[in-house]
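Participant: Sequence:
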Amino acid sequence: MSRTPSESRSRPASASAASTAAGAVEAASNPAWARLRRLHGGRQCHRPQLGRASVRFGGALLCALTAIATADDNSDQADKAGGSKTPPPSVVVAAVQTQDVAAERRYIGTVKAIQSVNVRARVEGFLEQVAFKQGHTVKKDQLLYQIEQDQYQAALANAEGQLAAAKAGLASAKATLEDKQADFERFSVLVKKGDTSQTNFDRAKAQRDEAEANVENAKASIKQAQAAIESAKIKLGYTTIASPIAGRIGATHYTEGNLVNPGSGTLATVVQLDPIRAVFSIPSADFVRIQERVADDGADHARDLFVPHLILPTGKTYAHKGKVSFADNQVNPSTGTISIYADFPNPDRLLLPGQFVTALVRTAETKQEPVVPASAIQRTRDGEQVYLVGKDHRVEQRTVKTGVQIGTGYAVTSGLQSGEIVIVSGVQKVKPGMVVKPVKQSEAAPMGRALSIDSASSSANKDASSSEAASTDATSTAAQANGADKTQ
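Just so we're aligned: 244 in the working numbering is position 227 of the sequence shown, and the numbers increase by one with no gaps anywhere.
To be clear, the hints were calculated from the coordinates, so they are not data collected in a lab. Be aware that a few hints might be false.
Ranges between beta-carbon positions, derived for each pair [to be verified]:
| no. | residue 1 | residue 2 | range |
| --- | --- | --- | --- |
| 1 | V348 | G436 | 40 to 46 Å |
| 2 | N234 | S133 | 44 to 50 Å |
| 3 | Q458 | Q151 | 47 to 53 Å |
| 4 | T416 | V305 | 33 to 39 Å |
| 5 | D158 | A391 | 42 to 48 Å |
| 6 | E165 | E247 | 18 to 24 Å |
| 7 | V341 | T416 | 29 to 35 Å |
| 8 | S435 | P330 | 29 to 35 Å |
When the alpha-carbon atoms are kept at most 20 Å apart in a straight line, the in silico EDC-like pairs for lysine to aspartate or glutamate are as follows [stated by the list, open to error]:
| no. | residue 1 | residue 2 |
| --- | --- | --- |
| 9 | K184 | E229 |
| 10 | K184 | E145 |
| 11 | K454 | D409 |
| 12 | K418 | E437 |
The beta-carbon is built from N, C-alpha and C at its ideal position, and this holds for glycine as well.
Turn these sequences into a full structure, and let the hints steer you where they fit.
Facilitator: Set out below in C-alpha cells:
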C-alpha cells in the first residue's frame, strides 16, 4: 500500500511520541532506567531515521545498557547485603595463666673466646704454602703456613759442620795434652835429680798448661756448635707454622709468595669456639648478695643458684645454660659494676666472639607471672606484641615484655594480666578493632574444617558475582545483535 507524503512525515513523529511515553512509563517502573537517564543528563534522545537492521541493533544495545544498569544496582545491593552477612574470622585463643617463675635479672654482655691466638711469623722468608681454608675449623698442631726452608736447612748443615770440627779439635787438643803431660812429668824427675835446668822444667810445665787450656777451648767449641745446631733446628722449625689451639681460623692477611717476617704482624687469627665465654657486668650490690649466699651456703651451692642463660640477638633463649667461671677482682668505679665470666657450650657455633647478648640470671626466688604460648608473641621492630580479644570480641594490639622461656611459652613481665584472652593462631587475619570469632585452643578445628568456615564468607558474595555475570551476558547480547546487523 502506498503512503502519502503527509502520512510518511506524521508517522515518525507519532512513533517518537510513543517512544517518549514508553520511556517515561519504564522509568517510573524501573529505577535502573531512571538511573541510566540521569547518567545522560536527563536529555531526551531523538533517533535519526535508520534502516530496519540499525533499529534492531539499537534496541539490542538499549537492552544491554539497561541490563548493565540493573546489574550495577544489584551489585551495590549485594555488596551491602554481603557486608552485613560476612561472618567474623575465626581465631584460636588461649587464656593467660600465671605460674611460679624464678626471679631473674638481665645484664648486657659480650661473647669472647676463652682462647684466641694471633698467628705470626717468627722467621723471615717467602710463603710457600697457605695450608688451610679460611673460616674453617682447624685442629691443634695443624699446618697453617709453610715458609721456604732452604736457607735454614743450610744454616743447620753449617752448624753441624762446626760441631764436627769442634769435636776433631777436641781430639787433637787431648792428644797434645797427653804429650805435654808426659814431658812435664819427665822434666819433674830430671829437675829433682839436677839433670836439667829449672828453665826446661818451667817450659814443660807451661806447655802442659797450654795444652789443658786448648782442650777446654775445644770442649767449649763443641758446646757452641751444638747450640748453633739447636738454633738452626729451631729456626728451621719456625718455617712450619702450625695452629697452637683447636678452633676456627679467620681470613689470612698474606698469601703464597709474600715475604713475611716477625714484623709482618698477624697472619691469621684462631679462636676457640667450644666452649665459649660470655662476659657481663652486674651491680656491686648483686655481687655482695651473691657473696653473702656463698658465706651462708657455700660456693658450690651459690654457683648452682646463680645459673646464667643467654638471650640471642634474635630474641630466643640460648639452649645451653652456662656456668660461672670467675668474677673480676675489682669493681669498675665509673659504673659501680663487676665483670662476671661465664662459660657456655657452643656445639652449633651460634655464639661468636664480639657478639652482644643478654645474660639472663635466674635465682632461687620465685614469683607469680603471666605465661603465654610462644605463638602468641609477635616480634616486630616496635618490640614484642600480642593480640587480645576483648569481651565484645574486638581485637586489641598490646606491647609486652617477655621474660624467661617456660616450656613452649614465655613468662610476661609486663603488659598482660591473668585471665586475659590472647590470639595464638590466625593473627594474620585480624587487625586492631576488628570483631572476631574466638575458638578455644582445645576446641580448634583441624585444617579441613577451618577451610570450610572460611569458605562461608565466600558465599556472602554470591549475589555480587551473579550481578557481574549478568553484566557480562548483557554485553554478549549486544555483541550478537551487532553481528546480526552486519550480516544483514
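Participant: If a hint holds in the structure, say so; if it does not, say that too.
Facilitator: Now for the hints, and whether the structure bears them out:
1. V348 x G436: 40 to 46 Å: 44 Å, holds
2. N234 x S133: 44 to 50 Å: 49 Å, holds
3. Q458 x Q151: 47 to 53 Å: 49 Å, holds
4. T416 x V305: 33 to 39 Å: 34 Å Cβ-Cβ, so the 33 to 39 Å window holds.
5. D158 x A391: 42 to 48 Å: Since D158 and A391 have Cβ atoms about 45 Å apart, the given range 42 to 48 Å holds.
6. E165 x E247: 18 to 24 Å: The hint (18 to 24 Å, Cβ to Cβ) holds, given that E165 and E247 are roughly 21 Å apart.
7. V341 x T416: 29 to 35 Å: 33 Å, holds
8. S435 x P330: 29 to 35 Å: With a Cβ separation near 31 Å, S435 and P330 satisfy 29 to 35 Å, so the hint holds.
9. K184 x E229: The hint holds at about 15 Å.
10. K184 x E145: 36 Å, violated
11. K454 x D409: 10 Å, holds
12. K418 x E437: 16 Å, holds
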